[in-house]
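Trainee: When you line the sequence shown up against the numbering used here, it's residues 328 to 459, in that order.
Read the hints as simulated data drawn from the structure, not as lab findings.
One or more hints might be untrue.
To be verified - 20 Å max Cα-Cα, derived PhoX-like pairs, lysine-lysine:
1) Lys364 - Lys424
2) Lys353 - Lys369
3) Lys435 - Lys424
4) Lys435 - Lys334
5) Lys424 - Lys446
6) Lys369 - Lys334
7) Lys435 - Lys446
Bear in mind that the values here come from a model prediction, so they are computed numbers and not experimental data.
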Amino acid sequence: DTLTDIKRVLFPAWHGGICGRNPFTKQPLVPVPDELKGDVLKGLNEVWLPYRMGQLERAIQRSGGPYFCGERMTVCDLEFYVMGLGFLTECYVDGVKSTIMDGCPLLKQLVERMGNNPKVAEWNALHPNSHY
């Protein structure tokens, strides 16, 4: 649920609008004014995303790690790998900084572990220019 919620909250930063896109024009239904876009990114970088990363960090701690469900890798780990790698390389959402994961060593380790998984590494090698 946390990963889905993160994606929902990132929508204004991704698409420059709230309430989704107009199904006919594909433009933001309610555009975020340019003068507020900095405030959106500031709130994401300084408050909301560090808080959510902390929740995910604690979820790995509670499970005993190294994955969200303990010793077993699940689709949740793979989904976070895509998101976390994007955050760490600052290419998941323009303007979202890697510092949102500064206090989350277990999340950073998870991204590295997933990237080193032979199947994930094979997929990445076959799709070198695929970003999300």
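Trainee: If a hint holds in the structure, say so; if it does not, say that too.
Mentor: Taking the hints in turn, this is what the structure says about them:
{"no.": "1", "hint": "Lys364 - Lys424", "in the structure": "holds, 15 Å"}
{"no.": "2", "hint": "Lys353 - Lys369", "in the structure": "violated, 26 Å"}
{"no.": "3", "hint": "Lys435 - Lys424", "in the structure": "holds, 14 Å"}
{"no.": "4", "hint": "Lys435 - Lys334", "in the structure": "holds, 19 Å"}
{"no.": "5", "hint": "Lys424 - Lys446", "in the structure": "violated, 28 Å"}
{"no.": "6", "hint": "Lys369 - Lys334", "in the structure": "holds, 17 Å"}
{"no.": "7", "hint": "Lys435 - Lys446", "in the structure": "holds, 19 Å"}
Hints 2, 5 from the list above are not met by this structure, while the remaining hints are.
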